[in-house]
Amino acid sequence: MKGKLLTGNVAAAAGAMLARVDYVPAYPITPQTEIIETIADWVREGKMDSRFVQLESEHSMMTAAGAASLAGARVFTATSSQGMLYTLEMLYNVSGWRAPMLLANVSRGVAAPIVLEPDHNDVLAARDSGFLQLHSETCQEVTDLVLLAYRVAEDRRVMLPAIVNLDGFYLSFTRERVILPEQKDVDRFLPPYEPVGPMRASKPVSRGSSVFEGFLYSYFRYNQHAAALKAKEVFNEAAREFEDLFGRSYGPVEGFMLDDADYVIVMSNSFTALGRQAVRRMRERGVKAGLLKLLMVRPFPAEEVATLLRGRKVVGVFDQNLAPGSGGIFYPEISGALYNVRGRPNAILPIVGALGGKQTTANEMTAIFDEMVAIDREGKAPAPMFLMRKDEMSRVKKMVSVAEGKS
Amino acid sequence: MATATRFKTLKDMPTGDYLSPGNTLCAGCGGILAVRIFHKVLGPNVAWVNAAGCMTVTMSYPLSPLKSNWLYTAFASAPAGAQGVRDALDVLMAKGRLPKSEDLKVVVVTGDGAAYDIGLQATAGAIDRRLDFFYLCYDNEAYGNTGFQVSSSTPFGSSTKTTPATAAFPLGNVARKKDLFEVWRSMKAPYVATLANSHGLDFLRKVEKGTGIKGPKMYIALAACPTGWGFDSRDSIELEKLAVQTGVWPLKESVDGVVRHTFVPRTLTPVSEYLRTQGRFSHLFEPEEKTEAIATIQESINAYWKEAGAREGFEVKVPATPERTSPSN
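Which chain is which? The protein sequence lines are H and C, in order. Numbering-wise (this note's numbering), the first sequence opens with residue 1 and increments by one. Numbering-wise (this note's numbering), the second sequence opens with residue 1001 and increments by one.
Be aware that a few hints might be false.
To be verified - Using 25 Å as the maximum straight-line C-alpha spacing, the simulated DSS-like pairs for lysine-lysine come out as follows:
no., chain 1, residue 1, chain 2, residue 2
1, H, K203, C, K1067
2, H, K203, C, K1095
3, C, K1040, C, K1317
4, C, K1040, H, K203
5, C, K1241, C, K1008
6, C, K1040, H, K184
7, C, K1177, C, K1040
8, H, K203, C, K1100
9, H, K406, H, K390
10, H, K47, C, K1306
11, H, K47, H, K4
12, C, K1306, C, K1317
13, C, K1095, C, K1177
Worth flagging that the hints you see were computed from the coordinates, not collected in a lab. Since this is a predicted model, take the numbers as computed values, not measurements.
The whole structure should be built from the sequences, with the hints applied where relevant.
In structure tokens, the structure reads:
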């Protein structure tokens, strides 16, 4: 097998280099920092023809990123966790500016309590910001999605910024084989960025002007929504061309052993690999299990979800995130996509797991399928599952006891 | 000024205007006047980068009173927006994708809320990085666009909507005005200056001086605010003049850290004459005069000019501190 062993972080940086980005405003945060360190090295060694500037916060980093994109530069940056939350205000601004820059988010759970390993509350905090979102399962996908994201974001029918997500630790620090495309092929795939109405001496523009009337604001917001929806079609076009050039195929969603599956788990990002393993085990046991991976999160691929999940007996939605007081964040989105569909699944099971990168065993994953089968067989209403093993719970009890000074 | 200047008298004020009349700001606004004069010196090729404030509302889609570029960023991060614009222009010119004729002077314009409070971190970053830009803070000493709430620029004794003078809090705001000039200077900005619309020649020359300096060029312009300060809009310039003559608003500059006062009021007018003209200080005079507070203000002005004079070798005749007859607050 060809390819180099690269961490997810280096795969992201490599994507940025291949995309010939002009400008990288940066700010360090674990587990993303390797991305900006790598780019800083390449820029200072003359391997990458970009300007690298370290800002004093993620909020400023995103402000500089969006402003530079409006002024005509192709911009790349990266963040994680608290950084994503800290810059959230600017995400809405940058997408409202229609500045098609790219943000790599290396997922990490959010404080409090502080944690380093991944879940998706950080990137999903940005789900309503107007950024397109593509989520990676492998390091190869990280590089490829960076290139695809620029192609889609900068398309005149879209002109929206994008996030490429990769899980902290499980991808960011894990070496996998990555086939890096040839620069000349990337240049064919990704033409130079052509800004719309950049700030210039000969043709002054006002950007970010105030809009004080609701009808006008509504117009711009609907416009942004329409552009985000259009991004799916543009992605599919670009993905076809990508496959022709590079031989790897991507879609907004990806099915695994779906054809005859009765019990389907919906997953995203690196833990999807555990889902695939569980599907194989269930198949060995004679259960018609399958998996649907969300690669595109924004725009939300509702039609694909509906098409691929109709007619299934039970669907389980694996949320590696938690909205306290509501539950998993994808669950209502998947349910909403299925509600008006003829032949919708009989039941949709919500699962929350792997928060803060909690190690998840094959048994935990197959237990989800066992529950889906039980729901179908017994006709019972699905009760939300929150993954936690007995051995983990006994460790929790010990630690709580230490914290309370009892042992 | 020692260096050559094209501004010999006020008549040298450039006649070209890049800001149309009839914008949406209040009559008598010192802030928009400062923007207008600033723009005259810089010429047309400017990218203004703005944080939330009064200037933000002048750019109301689909209209703009400017003949130059404008970008509204966010309250806390206009200097970072300037970083992005500057870097993008530089990288595109370096790569040969943008002719030098398209280059722009990048100017951050914010009020004191952004400059003194929420945006200070982003400003510090831009200064640390030696960003080649101008920063124009129009300082009306409170959050004016939201209706006049206290900022860290609000002077001692001013009433604001969030520090109203009441029986229990008779002085209004008791915090001291932050010395942003010194804050910026301490961060090693190569050029820092204060401006007043009433002293136009001084204003023009300082902006002109900035155009010859690479790096952060930082300006704080006094912005008389008729609605917030409570005075008649026709008196804006007179009030700014009084602020300079009473010594409340020193006109000065710092070049590579060396401070020089560019206008020395040889005989200071008593500060009570300045305070008395404005609604925001009316509680210092009614129902009875708060002589303790007024004396405190006068003393701090006198001490400032005494120290500045000793450092720079000039003498200022300061008013006597008023007798303290009111109880201390």
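Here is what the structure says about each hint:
no.	hint	result
1	H:K203 / C:K1067	holds, 9 Å
2	H:K203 / C:K1095	holds, 21 Å
3	C:K1040 / C:K1317	violated, 35 Å
4	C:K1040 / H:K203	holds, 19 Å
5	C:K1241 / C:K1008	holds, 20 Å
6	C:K1040 / H:K184	violated, 48 Å
7	C:K1177 / C:K1040	violated, 30 Å
8	H:K203 / C:K1100	holds, 14 Å
9	H:K406 / H:K390	holds, 21 Å
10	H:K47 / C:K1306	violated, 58 Å
11	H:K47 / H:K4	holds, 18 Å
12	C:K1306 / C:K1317	holds, 9 Å
13	C:K1095 / C:K1177	violated, 46 Å
The structure fails to meet hints 3, 6, 7, 10, 13 from the earlier list, while all remaining hints are met.
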